[in-house]
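According to numbering that gives the first Met the number 0, the sequence shown is numbered sequentially starting from 0.
In case anyone wonders, no lab produced these hints; they're calculated from the structure. All C-beta atoms, glycine included, are put in the ideal place defined by N, C-alpha and C. Any given hint might turn out to be false.
[To be verified] DSS-like, lysine-lysine: derived pairs with alpha carbons at most 30 angstroms apart: (1) 57 <-> 29; (2) 65 <-> 3; (3) 3 <-> 43; (4) 65 <-> 5; (5) 65 <-> 85; (6) 29 <-> 85; (7) 3 <-> 57; (8) 3 <-> 85; (9) 29 <-> 65; (10) 69 <-> 29; (11) 5 <-> 85; (12) 69 <-> 85; (13) 5 <-> 43; (14) 85 <-> 57; (15) 3 <-> 29; (16) 43 <-> 65; (17) 69 <-> 5; (18) 5 <-> 29; (19) 43 <-> 57; (20) 69 <-> 43; (21) 57 <-> 5; (22) 3 <-> 69; (23) 43 <-> 85; (24) 69 <-> 57; (25) 43 <-> 29.
[To be verified] Label-pair distances were calculated between CB atoms; the ranges are: (26) 66 <-> 19: 30 to 36 angstroms; (27) 89 <-> 19: 35 to 41 angstroms; (28) 86 <-> 4: 17 to 23 angstroms.
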Amino acid sequence: MEIKHKENNSRGMFYIENDTGLIAELTYHKNENDILTIDHTEVKRTMENQGIGSSLVKESVLYARKHNLKIDPLCPFAEVQFDMNKSYSDVRA
Numbered sequence: 000m001e002i003k004h005k006e007n008n009s010r011g012m013f014y015i016e017n018d019t020g021l022i023a024e025l026t027y028h029k030n031e032n033d034i035l036t037i038d039h040t041e042v043k044r045t046m047e048n049q050g051i052g053s054s055l056v057k058e059s060v061l062y063a064r065k066h067n068l069k070i071d072p073l074c075p076f077a078e079v080q081f082d083m084n085k086s087y088s089d090v091r092a
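Sequences are here, hints too, so could you generate the full structure?
This is the structure in structure tokens:
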């Protein structure tokens, strides 16, 4: 599944879609200090427990590293992912 990304002004999202539409999304807003605050992660119920949400968080971490940003995992799911993956600590705000 291809993870796509779009951003405008201070809002952005990583998402996965298929023929029927959006199946997963992670949304964030970027502040003036180059911190991405992950505020929402959602996967369609029929697609849950397949690691899709984790993949979106991982993609946001890779994006932050590439663009020298930090992440504030406000969303409870993202926060758990950051707590479980100590390798993400380099981008945690």
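Of the hints stated earlier, which fail here?
none
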